[in-house]
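Turn these sequences into a full structure, and let the hints steer you where they fit.
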Amino acid sequence: MASTAQTPGTTLPKGVAPLRAGQGSSFLWRRLHSLTGIVPVGLFLLEHFLSNAEALSGPAAYNAQVKFLTGLPFRLGLEIIGVFIPLLFHALYGIYIWWRGENNVIDYPWAGNWGYTLQRYTGMLVFFYVGFHLWTMRFTGVHLTEHYQASFWKVQSELSHPLILGFYVLGVLASAWHFGYGCFLFAAKWGIVTGPKAQNRARLAGIGLAVVLMLAGLASLYSFVGKYPEQQRNPMWDLHNDAAEQSRLTPAATVGVAR
Amino acid sequence: MANKTVLFKIKRQTTPTSEPFWEEFEIDYRAGLNVISLFMEVALKPLTRDGKATTPVNYDSNCLEEVCGSCAMLINGRARMACSALVDNLEQPITIEPFSKFPVVRDLQVDRSVLFENLKTVKAWVPVDGTYSLGDGPRQLPQVQEQAYQLSQCMSCCCCMESCPQFNESTGFVGAATIAQARLFNMHPTGKVLKEERLAALMGDGGIQECGYAQNCVEACPKEIPLTKSISDVGGDVMKKAVLDFFRL
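Residue numbers (this note's numbering), protein chains in the order written: chain A, 1 to 259; chain B, 1001 to 1249.
Do not take every clue at face value.
Mimicking DSBU-like on lysine-lysine, the simulated pairs with C-alpha atoms at most 30 Å apart in a straight line are [claimed, not checked]:
| no. | chain 1 | residue 1 | chain 2 | residue 2 |
| --- | --- | --- | --- | --- |
| 1 | B | K1045 | B | K1009 |
| 2 | A | K197 | B | K1192 |
| 3 | B | K1241 | A | K197 |
| 4 | A | K14 | B | K1240 |
| 5 | B | K1120 | B | K1241 |
| 6 | A | K197 | B | K1195 |
| 7 | B | K1241 | B | K1192 |
| 8 | B | K1120 | B | K1195 |
| 9 | B | K1009 | A | K197 |
| 10 | A | K14 | B | K1004 |
| 11 | B | K1223 | A | K14 |
| 12 | B | K1120 | B | K1192 |
| 13 | B | K1004 | B | K1045 |
| 14 | A | K14 | B | K1009 |
| 15 | B | K1045 | A | K14 |
What the hints contain is simulated information worked out from the structure, not anything from laboratory work. Computed from a predicted structure; not experimentally measured.
Okay, here's the thing in C-alpha cells:
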C-alpha cells in the first residue's frame, strides 16, 4: 500500500475521505429515510392502491370509499403528519442520496446494480408524478372532501387525455416497483434478511409485491377509462359546501325554516 | 503470415498531479499470459505500438497468485486483480487503468491508505497487547471459525470500494471491506470486547448507512467474501445498538 509523499507547494488529490467516527447525523437521517419509505409512505401507498381498486366495483363504490376516507376524524392532521411531511422528506432526501451516488451500471451491469439504478430513476419519476397528481387531484379542481360524489368523474375526466393516462400508467408502474424493491432494500439494510439465500427470497418477494401492485393499479386505471361509462358533470360540484353557500343556494328552504 | 499479437492500452500518469495519457502496446502472443506479464514485456522492451520509446509501467504487485491484493486495477473497465486476469479471457484491445477513486501515485499504482485509516477507525484487531502473558484465549467453535475464515481472506485490494457507486468523495462511504472486518473481529471471542466501539464508529458520517445495496462489492470481490451478508449482519447490529441507545442511554 504505497502512499503519496507530500511535496510542498502542490495540492495532491485527496481521494475519498476515511470514516468519520462519532461525527455528523447522517446515520439518523439516512435510516429515517429508509423507515419513512415503509411507514408511513409505503403503508399509505398500499391504502391508496387498495382504495383506488374500489373503482373496479363501479363509480358508486369508489365515491363511497372517498367519502369514508375524507370523513376520517382529524383528516387534515392525518394528511399532513401521515402523508405530506414524510413523503416530502422521503422525496427530497432521496434526491440528495441520488445526487451523492456515482452510478456505474454501465461498467458493472449486474442485477443488484440495476436494482440500485432503477430505485433512483423510479423515485425521481414518482416524485414528478406525485407532484402532478397531488396538484390536479388534491389541490385544484372540484374539491373531493366537499363533493365526494364527484370522485369517479374527476379521475375519469383527468384520464381522458391520452398523455395524462400514459403518465398515470408510468406513475403506477414506477411507484409499485419503487415500493416493492424498497421493501427488499429495507429488509437487507436493517439486517432482517442477511444471507444470500434469504436475500434472494426477499428480493423475489419484493418484486412479487411490486408486480401485484402494478396489476392492481393498472386494473384500477382500466375501470376509469374502459370498464364504466362516462360520468356526467354536476354543476353543484363547483360550489362550496359551507353554510352560507347552502343558504344562498336554497333560499326557499332557509326562509321556510325561519317562518 | 504475421504472428498472433496482444493489443493493449494503458492509462499512464507520471506524477500524482500531472495529466494522465494513454499509450498503446502490441506484443507477441504467448499461451497463458496474464496482465502482469504484459507489463513485464513492456519493461523488457519499452516501446509503444508505433515504436516510440517509453518507460516501463509502474504498478503494485507482489504474490502474483491473488492473495496479496496489490495488483488491483481497472481491466476493461472493471476492478480486478491483474495477476488473475488472463489475456485469453479478455477482449482486445485490453484497456488497463488505475483505480479511479484512489489518488494515483504513478501509472497504475494508487494510494489505498484510506482503507488502512478505516480499519484503524473501526479497531479491526483483537486487543491483547500487554506487558504480561494473558494465557490461552477462549475456544472458538468450528462453525464460527468457518465463517471467520471467509472474512479473514480479505487482502485489502479495494475492488469492493472501487466498484461501489456509494464509495466516492461526496459520501466518504467506508466501503464493504471495513464493514466485513468489523464483523470478523466482532465474531472473535476476545475481539468482541470492542464490538460496541466498532458499531459506534460505523454510525458516524460515511458509515454503514451510506450503503445503497447495489451489491457490486460481493460480485467484484476476488476472494468471494460474503460482503453483502456482512453489511446486512452489521447493519442489524448497528440498528439494535441505535434502538437500545435511544431507550437506555
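Hint-by-hint comparison with the structure:
1. B:K1045 <-> B:K1009: 15 Å, holds
2. A:K197 <-> B:K1192: With a Cα-Cα distance of about 27 Å, the restraint between K197 (chain A) and K1192 (chain B) holds, given a limit of 30 Å.
3. B:K1241 <-> A:K197: With a Cα-Cα distance of about 26 Å, the restraint between K1241 (chain B) and K197 (chain A) holds, given a limit of 30 Å.
4. A:K14 <-> B:K1240: 34 Å, violated
5. B:K1120 <-> B:K1241: OK: K1120 (chain B) and K1241 (chain B) at ~21 Å, within 30 Å.
6. A:K197 <-> B:K1195: 26 Å, holds
7. B:K1241 <-> B:K1192: Between K1241 (chain B) and K1192 (chain B) the Cα gap is close to 14 Å, so the pair holds against 30 Å.
8. B:K1120 <-> B:K1195: 14 Å, holds
9. B:K1009 <-> A:K197: At roughly 40 Å apart (the allowed maximum being 30 Å), K197 (chain A) and K1009 (chain B) break the hint.
10. A:K14 <-> B:K1004: Given pair K14 (chain A), K1004 (chain B) is violated - Cα atoms ~42 Å apart, limit 30 Å.
11. B:K1223 <-> A:K14: Holds, because 28 Å separates the two Cα atoms, which is no more than 30 Å.
12. B:K1120 <-> B:K1192: Status holds; Cα separation ~15 Å.
13. B:K1004 <-> B:K1045: 18 Å, holds
14. A:K14 <-> B:K1009: It holds: about 26 Å lies between the C-alpha atoms, which stays within 30 Å.
15. B:K1045 <-> A:K14: Status violated; Cα separation ~34 Å.
In summary, the numbered hints that this structure violates are 4, 9, 10, 15.
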